[in-house]
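Start from chain B and add chains S, V and D according to the hints.
There are 4 protein chains.
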Amino acid sequence: MKKLLYLLALLPTLLLAQSGKVFDNLSFPSKILKGDRKFAIYLPPDYESSQRSYPVLYLLHGGGDDQTGWVQFGEVQNITDKAIAEGKATPMIIVMPDANTGQRGYANDVKNEWRYEDFFFQELMPYVEKTYRIKKDKHYRAVAGLSMGGGGSFTYALHHPELFAAACPLSAATGPLTLEDTKAYLEQRNNLNGTAAEIEAYYKRQSVLELIKAMPDDQKKAVRWYIDIGDDDFLFEGNSLVHIAMRKKEIPHEFRIHDGGHTWTYWRAALPTVLSFVSDSFHQY
Amino acid sequence: MKKLLYLLALLPTLLLAQSGKVFDNLSFPSKILKGDRKFAIYLPPDYESSQRSYPVLYLLHGGGDDQTGWVQFGEVQNITDKAIAEGKATPMIIVMPDANTGQRGYANDVKNEWRYEDFFFQELMPYVEKTYRIKKDKHYRAVAGLSMGGGGSFTYALHHPELFAAACPLSAATGPLTLEDTKAYLEQRNNLNGTAAEIEAYYKRQSVLELIKAMPDDQKKAVRWYIDIGDDDFLFEGNSLVHIAMRKKEIPHEFRIHDGGHTWTYWRAALPTVLSFVSDSFHQY
Amino acid sequence: MKKLLYLLALLPTLLLAQSGKVFDNLSFPSKILKGDRKFAIYLPPDYESSQRSYPVLYLLHGGGDDQTGWVQFGEVQNITDKAIAEGKATPMIIVMPDANTGQRGYANDVKNEWRYEDFFFQELMPYVEKTYRIKKDKHYRAVAGLSMGGGGSFTYALHHPELFAAACPLSAATGPLTLEDTKAYLEQRNNLNGTAAEIEAYYKRQSVLELIKAMPDDQKKAVRWYIDIGDDDFLFEGNSLVHIAMRKKEIPHEFRIHDGGHTWTYWRAALPTVLSFVSDSFHQY
Amino acid sequence: MKKLLYLLALLPTLLLAQSGKVFDNLSFPSKILKGDRKFAIYLPPDYESSQRSYPVLYLLHGGGDDQTGWVQFGEVQNITDKAIAEGKATPMIIVMPDANTGQRGYANDVKNEWRYEDFFFQELMPYVEKTYRIKKDKHYRAVAGLSMGGGGSFTYALHHPELFAAACPLSAATGPLTLEDTKAYLEQRNNLNGTAAEIEAYYKRQSVLELIKAMPDDQKKAVRWYIDIGDDDFLFEGNSLVHIAMRKKEIPHEFRIHDGGHTWTYWRAALPTVLSFVSDSFHQY
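Chains as they are written, first to last, in full-length UniProt numbering: chain B, 1 to 285; chain S, 1 to 285; chain V, 1 to 285; chain D, 1 to 285.
Same shape as in the complex, but just chain B (with noise of 0.2 Å):
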């Protein structure tokens, strides 16, 4: 009996062998943002038991949640061990920084005093590419996100195409449509204190379709795209407008709008299609 109580005692763990891991609460201290920075990461089934490396994606969360958004709400654990498992996605790294402490969001700001962004390129990707067995160059890592985070994906892959195989932005912020309303955004946020030069500055690297516009040709193909909003979603225009800027400027990506609004919902069903979608990108065809 007290075999049979053993076993039991040992059943979680034996079954959560098929799973991956998840941390939510990891920190290491930056220097460009001044303080200790937290983060979220699932590593797959297999990673303490082999010694292979693996390719990388990092997921942003969107405004209002942090580090831990994506593992409460959106169920990454769950739904990346079951694509795992049914081979619809490759074992990857999941990497979910917090982008709401301090100041919210993956940009550096208008002076650029609070640098996010080159706080995540300069420190977080050093960072967890050094301290976990990831794959170092561009063919294995993805950007992902929703919302303020598809915002996120939508810069970060478009200021660095040299660095992602794939980008997917979800229900995405897509910036400001003109100059004027980077203005309004920027008073609305307290945040202008900038110079006209510093908010036409920070328009053009913030606005996506400034950004589809100012692409050089044989950047075209740098990026795979996975594009997805609801058609219930109110970033409905943002969204919309880059799709024909990108068809127009012959940029190929995949768009899809189902149906649905800018929820988790939504998101959470989006999710094993942009693994899969990443996964493809680090296959190679």
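Hints are not guaranteed to be accurate.
One copy or any two copies: either way a pair holds, since identical chains are not told apart in the list.
Claimed, not checked - Result set (DSS-like, lysine-lysine): computed pairs, CA atoms no more than 25 Å apart in a straight line: (1) K183 <-> K248; (2) K21 <-> K130; (3) K135 <-> K248; (4) K138 <-> K38; (5) K221 <-> K31; (6) K135 <-> K249; (7) K38 <-> K204; (8) K136 <-> K38.
Rather than coming from a laboratory, the hints here were simulated on the basis of the structure.
Frame of chain B; chains S, V and D shown alone:
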């Protein structure tokens, strides 16, 4: 034994209930278009065995096809039979008129000399709704179509919201985006024999965006809309702008962008949802 | 009880309403071949209840069989019924002519005295396309066959690319590889009564490799090809060389080598894919 | 209760039995190639819990990849775990050596200065078969690979039929078709520093067609062959000619042409059949 008899008595109905009938080469004389006009029709499985009347879907073909397009390429019979058998669509009559003979298209031309739209509403609709057991009021009438026929679905339902419960433009031609486009389009079709006033009138009645702009507030919920187009379709711009315009004007509509191009593969995949959507309209809530 | 008997008597008919119909002993008089010629035909499930017209597949038997081969050994009815019911094939008419009576084969002989190919195009095709509701243009016509009938599929579609949308040679006899082979073949069939010029002409019109060599560039995409042969088939050489020749000349074609030999087991397994492939051609994209 | 205990006692084994382990960055020193050589290895799920020895599959990557190719792009772990769990493959060890570092390829070069093939047989094979619990005789050894690694599979098994039970070249480079091709190939690789005799010797040991021609009759059944290539693969000619040559020489072999090109999608789809085929060889009949 009684139970057995009962089941056996039921058998013919169950078995015969499975296959609708298609006629793809019917015709009747039109005064407006001065000659015989062809159409195809789908009658639901129980049409002959019952005495009831049915809702009707007008299903419009694209440029280059004729009344047989949805029959041969669209597999309307198999798909509708299946949707009805699975309970996803209600039994309905589907009318597929030829808009390829004489002048191509569903519109009255710029000088109102070729009057296909008048033919549709003044001759075709009365003829089929008298000849077959079709319910005659708006609540039981829908229009759908692809490409040029998607354009027809838009304009017919926007011109006559009092006649259609639902409209489903697939991969739709949304008409000229500007008055200049209208002139270019008419020149291309050797049809620019209208006065400036006639051309502007044509533009206002054929441009989906203009029709949306002109829609009175009390008409916004008159028609249930299901609009669907592939992300690789060349008609991306008009449909994306229609989505934006409808959202901004708060016209309720379902809008979908799936993976695919301007192909029959796309439309065959879309047809079950169209049948299901119009059935919901025919059912009330 | 009488009612029960009546219903039970009715059952087979009712159940057959889901099935196509096969006639395997029809015939009509041929002037060219001087006598009655037999053929079998498959009519799709909705042929009698509907009034629409259908695409046509000419399905050719191999040496030693006759018009009943695909019916009895090939299970054409069950396989086609199933493919249509599952939506993998579009409803079509399948015509299976006898090429066993008189001289065997699908070709005109070396002296053009026995003119089966002329019979096929000048008499059989017009007869069946007039007698049954068959769509009459290239877009809705395909040819397939096995062994000797695979050879017929090759030569008919290569001689008349303007008549066939698709051709599917299975385990095909690809005709003589050289002029010397031609002579040996004709001698074997006691048919070598032709002049040198006649024999060379026969070679040029019956050798698939010669026909591919002679194909004009603007014909390369005229016919959609699906070519399939088992890895244990004795006709491996001709088919492998045809694949190489078509690849080198950039003639688009699907080519398959599956596990198996020159057997009805192979051809029954191949038929669903053939039906699906020709349906794609009939469907447009 | 005893039955329950028994089942529970079985549980750990059953649950732990599900995942193999992959190491993708191992290495050992080579005298022949003058430096450390990398390899990846797959150990089957029960490797650690059991004490038994296993058969071995040498799985060779293509040009441009390295020892991680089959791990990352080929999904060797998931696919092999699944094949073993489903009983379609026997537990085996899979060794994937790097043939990308230094000179690329699996051959000794023309002057026998870079001797990868010697390294493979004299150093790699002894090293891994000593280091891991690998069965050491021919009956339990197979080789497979893709493209350049398909070429390696051909030449290794043709040079050493006494060492391999089975060989599975996928989308294989079949080596130069002629002596002239050999010279052109060597020039292209800046490798033409050999004498005429050396070049001819290189041709005779690297051309699969020459190796087949030279095969003694008593070797025809020494190796079980599974050869697979897509119909859109650019290597169609060599593989088709190998099929013809093997058929004519009556060398038993499985040969497949499926739908597809020179892609990882093709090779991932092929891998389960390869594992099943080599397992049949390891099983005896």
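Original post:
Of the hints stated earlier, which fail here?
Top reply: Of the numbered hints, 3, 5, 6, 7 do not hold.
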